[in-house]
Amino acid sequence: MNFDLAKRTAALSVGEFADFALGPREATGGPQGVWRAQLGTHWHNELRARAMAEHAAAVTFEIPITGRIFHRGWTLTLTGRIDQVLRAGSAVTLREIKTVTRALPADESELRSLYPEYFIQVASYAVLTRLASAPISSSGPSASGPDDPLSRLLVDNVDCPEKSIGRAVRPELVFVEVDSGLAQTIPLTPADDGLFHARLEEVTQFLNLRLRARERLRDLRFRPAFATARPGQETTQAELTALFERQPLTLFEAPTGFGKTGVLLEFALGQLRSGHFDRALYLTSKSTGQLQVVRTLAGMTATPPERDDPPASLAGATTPVAAWHVRNKSEHCVNHTFHCVRDNCTYLADAASRWSESGLARFYLDEHHARDLETLRAAGRQARICPYEITRAALAFNDLWIGDYNYVFAPRNRSLFFAQPGFDPARTLLLLDEAHNLPSRVADAYSHAFTAAEAFAVRDELHRTHASTALVTAWDHWSHCLHHLRTTDKLPPAAEDDVRHLLQAIADALPAAALDFAALGAATADAIWRLPALVEELATAELPRLWWCPRDGELALTCLDAATAIGGTLREFGGVVLASATLTPVDSFATACGLDAVPEVSAESVAPAPDRLGTLTKRDTKKLYRQLSSAADLLRVEEARAAAGPALLRAHTPWRDGSYAIAFDARVDTTFQHRSLHYTTTAATISALHAAARSVVAVFFPSYAYADTIARELATNAPDLRVALQPKRRELAAQTAWVEESLRSAHALFLVLGSSFAESIDALGGRVTHAMVVGPALPEVNAVQRARMAEVTRAGPTREAAFRRVYQVPGMMKVNQALGRLVRAPGQQARVLLHCRRFLDPSYTNLLAPEYRQGTSITDDSGLAEWLAPI
Numbered sequence: 046m047n048f049d050l051a052k053r054t055a056a057l058s059v060g061e062f063a064d065f066a067l068g069p070r071e072a073t074g075g076p077q078g079v080w081r082a083q084l085g086t087h088w089h090n091e092l093r094a095r096a097m098a099e100h101a102a103a104v105t106f107e108i109p110i111t112g113r114i115f116h117r118g119w120t121l122t123l124t125g126r127i128d129q130v131l132r133a134g135s136a137v138t139l140r141e142i143k144t145v146t147r148a149l150p151a152d153e154s155e156l157r158s159l160y161p162e163y164f165i166q167v168a169s170y171a172v173l174t175r176l177a178s179a180p181i182s183s184s185g186p187s188a189s190g191p192d193d194p195l196s197r198l199l200v201d202n203v204d205c206p207e208k209s210i211g212r213a214v215r216p217e218l219v220f221v222e223v224d225s226g227l228a229q230t231i232p233l234t235p236a237d238d239g240l241f242h243a244r245l246e247e248v249t250q251f252l253n254l255r256l257r258a259r260e261r262l263r264d265l266r267f268r269p270a271f272a273t274a275r276p277g278q279e280t281t282q283a284e285l286t287a288l289f290e291r292q293p294l295t296l297f298e299a300p301t302g303f304g305k306t307g308v309l310l311e312f313a314l315g316q317l318r319s320g321h322f323d324r325a326l327y328l329t330s331k332s333t334g335q336l337q338v339v340r341t342l343a344g345m346t347a348t349p350p351e352r353d354d355p356p357a358s359l360a361g362a363t364t365p366v367a368a369w370h371v372r373n374k375s376e377h378c379v380n381h382t383f384h385c386v387r388d389n390c391t392y393l394a395d396a397a398s399r400w401s402e403s404g405l406a407r408f409y410l411d412e413h414h415a416r417d418l419e420t421l422r423a424a425g426r427q428a429r430i431c432p433y434e435i436t437r438a439a440l441a442f443n444d445l446w447i448g449d450y451n452y453v454f455a456p457r458n459r460s461l462f463f464a465q466p467g468f469d470p471a472r473t474l475l476l477l478d479e480a481h482n483l484p485s486r487v488a489d490a491y492s493h494a495f496t497a498a499e500a501f502a503v504r505d506e507l508h509r510t511h512a513s514t515a516l517v518t519a520w521d522h523w524s525h526c527l528h529h530l531r532t533t534d535k536l537p538p539a540a541e542d543d544v545r546h547l548l549q550a551i552a553d554a555l556p557a558a559a560l561d562f563a564a565l566g567a568a569t570a571d572a573i574w575r576l577p578a579l580v581e582e583l584a585t586a587e588l589p590r591l592w593w594c595p596r597d598g599e600l601a602l603t604c605l606d607a608a609t610a611i612g613g614t615l616r617e618f619g620g621v622v623l624a625s626a627t628l629t630p631v632d633s634f635a636t637a638c639g640l641d642a643v644p645e646v647s648a649e650s651v652a653p654a655p656d657r658l659g660t661l662t663k664r665d666t667k668k669l670y671r672q673l674s675s676a677a678d679l680l681r682v683e684e685a686r687a688a689a690g691p692a693l694l695r696a697h698t699p700w701r702d703g704s705y706a707i708a709f710d711a712r713v714d715t716t717f718q719h720r721s722l723h724y725t726t727t728a729a730t731i732s733a734l735h736a737a738a739r740s741v742v743a744v745f746f747p748s749y750a751y752a753d754t755i756a757r758e759l760a761t762n763a764p765d766l767r768v769a770l771q772p773k774r775r776e777l778a779a780q781t782a783w784v785e786e787s788l789r790s791a792h793a794l795f796l797v798l799g800s801s802f803a804e805s806i807d808a809l810g811g812r813v814t815h816a817m818v819v820g821p822a823l824p825e826v827n828a829v830q831r832a833r834m835a836e837v838t839r840a841g842p843t844r845e846a847a848f849r850r851v852y853q854v855p856g857m858m859k860v861n862q863a864l865g866r867l868v869r870a871p872g873q874q875a876r877v878l879l880h881c882r883r884f885l886d887p888s889y890t891n892l893l894a895p896e897y898r899q900g901t902s903i904t905d906d907s908g909l910a911e912w913l914a915p916i
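All residue numbers for the sequence shown refer to our numbering, where the first residue is 46 and numbers rise by one.
If you're looking for bench data, these hints aren't it; they were derived computationally from the structure.
These figures come from a predicted structure and were not determined experimentally.
Each hint should be verified, as a subset may be incorrect.
Ranges of calculated distance between the beta carbons of each label pair, as one might list FRET restraints [said to hold, decoys possible]:
| hint | residue 1 | residue 2 | range |
| --- | --- | --- | --- |
| 1 | T609 | A56 | 26 to 32 Å |
| 2 | R340 | T514 | 53 to 59 Å |
| 3 | L159 | A287 | 37 to 43 Å |
| 4 | A423 | P915 | 21 to 27 Å |
| 5 | A870 | A567 | 44 to 50 Å |
| 6 | L159 | S319 | 42 to 48 Å |
| 7 | R839 | A502 | 36 to 42 Å |
| 8 | V379 | A564 | 20 to 26 Å |
| 9 | E825 | A243 | 58 to 64 Å |
| 10 | R340 | T533 | 44 to 50 Å |
| 11 | R266 | R340 | 17 to 23 Å |
| 12 | A56 | S158 | 26 to 32 Å |
| 13 | R259 | A151 | 40 to 46 Å |
Note that beta-carbon positions come from the ideal geometry of N, C-alpha and C, so glycine has one too.
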């Protein structure tokens, strides 16, 4: 749906109009994908051939229809395409064909309940045709064309029946069973016009609410994110706004503790108030970051306590922006077991029909209404409607959506955002915090793993529930294929083709299987639908993947590089800000996000100037410039070339100047092959560091195994030194509790680079003054990393450049992330020992943040003692 609130106009297809809903939607299946579309096309063609044989010149196909309707102050333009139009004397039959997976014939009331949008679509065609201002020729051509009267349909007012053309219009809906092709025709009656009018009311109600939101945003008032700006924060907002106006794809790098959340929220609210965007999305990679956004926004927009003379900065402040924090679907669930099948859940069954009487519309009609998770769950229990459906229904009416990356970048999750009525990425501001995690998170979303044990368990469930023979046979072949796989770093091409064939066979068998997902259970249902979703993903997302077997009986499809998917998604949005404390090196980050892979431009397309220019060879560049006709053209090309890449803003942080004292320890080599030769030296260095600090020190390791080895070494050589080794896989609250306890009781905290302890725990700032990094945290050399090296090298870079991108950049980013946690506010300082001679190699040193690149080189024990000595 495209709408212009200022002009009070909207344009949408008849299909969109029919599917539109303000509340929950009824659904009866899972992912359907391209394979379902192919089946639908097949049966449409079959019925077209039958109609041609039976009616010859009296039938036309795929007739375009456009209608402009004025209703409650809005002008709606509806466009569609009727499958078949049959003319018989003064009567016209409008026929719409829909394929379904359920068995036919079925009771009409059941089909109306399951597929209400299909009936609304046909009713819409009928209303538009009856109100057409031009008559329909009974001797029209056998195929539609630009002169077909239906193409010129113009409806002046839906509420003026006197404009009816006086021709009998007979709409009918033809259901086709995808497995057998069995058809069932249901004629619509004039009473079904009420479906069209009801949907028209819903659409205009939605538009009125969006108009109210726009008017609300014009008067947007909020507190500054910072009551007192920290040095460096004073100009950041203006700099970000000015830079964004020139390049709406901006990178914002600011250290931990700077206040990026507040800066981004101020920026977003300002952009919404100015009308540059209809909506803003604030996405992070962790739920903890989302909670921080919610807290910061609440502080900026909460109504101040009543007082006689409130400060000017607080005067009149209210909650002017409607924001919604989107939590995971399973967190909404109020059942004992999360198994989202409508036939098995009283909160989902008939939710659409019960919505209007539930009173849950208050969640979007009242932007002041509480919308935290517990409130949603309580309201859902009371109304007996799934709390997630409340979120789904209310989201479209909110100005700021807060959530996870997956809602934009993951194929299985993005429909929640992109299917919202009125959602237009081109009119949306996208804010991505913790953006350094984006490439790996999106690659994970496009990676998949399967095991023979899981497949056999699903097969047993299919047998138990008496699933169709075709599906059981296809799944049995899939299970045995996985069972016979043996450990390998790369699946042979022939084996990969076999796997693809088996996946397609299951996808083809599913539509007609009529599975009882309630009986199958949550785990089995999810395992089944993963396969057709993967088939569709492989057909639509051309990303480099490694097909390999990490263990016998296991298959992994690992996405090696998601840059294409990331870059394509980012460019859908009208504005994007990617923020992080560790975007350096920017060129590598931009490449990982697909921001340098822009379309190439031919000389013929120079006028008008393109929005983006790709990477051109010297020959292409010379050829392009020879065909430019003026200096103005040259200037436009240079401006377009400059706009091809993202702009970068680095926050000013004068309080970090001189806050780090860095030393490079050249005495040891912590590479995997040589680190065992230096275990004693590493342990002794930690003891010396603690003695100099006279308090707890933080020691960062590239792996748990390395940290555990040094802990045992210390237990032997320095038994009085108490070491706290980071535990594995703990929730944030448990992590924080462990850190607090260890800061009180231990002498040394052993943390693992890249873990949540090293990247997310902020308790170290100002409390740990001495730290040590035991080597760069280069990724483990394994099948995936070797495949990534091969993929990058294949694209053109040298092996050294590929090694930098695949190994060095991720490893040194973890070092930067960990060190950034040590100084988070003015006055904090840290002495950091980089414990490996590789840190002195320029290829590693240049990947450190600028404040860590200069320091003392330590070549012997006396040099270490001198550096540790009190100043």
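Here is what the structure says about each hint:
Our hint of 26 to 32 Å for T609 and A56 holds, since their Cβ atoms are close to 31 Å apart. Between R340 and T514 the beta carbons are some 56 Å apart, a value that agrees with the proposed interval 53 to 59 Å. The hinted range of 37 to 43 Å is not satisfied by L159 and A287, whose Cβ atoms lie roughly 54 Å apart. A hinted range of 21 to 27 Å for the beta carbons of A423 and P915 is inconsistent with their spacing of about 58 Å.
Between A870 and A567, the C-beta spacing of about 46 Å keeps the proposed range 44 to 50 Å intact. About 45 Å separates the C-beta atoms of L159 and S319, a value consistent with the hinted range of 42 to 48 Å. A hinted range of 36 to 42 Å holds for the C-beta pair R839 and A502, which are about 38 Å apart. Between V379 and A564, the C-beta spacing of about 22 Å keeps the proposed range 20 to 26 Å intact.
At about 59 Å, the CB distance of E825 to A243 agrees with the hint of 58 to 64 Å. In this structure the supplied range 44 to 50 Å holds for R340 paired with T533, their Cβ-Cβ distance being about 48 Å. A hinted range of 17 to 23 Å for the beta carbons of R266 and R340 is consistent with their spacing of about 19 Å. Evaluation of the 26 to 32 Å hint for A56 and S158 yields a pass: the beta carbon distance comes to about 30 Å.
Between R259 and A151 the Cβ separation comes to about 44 Å, which falls inside the hinted range of 40 to 46 Å.
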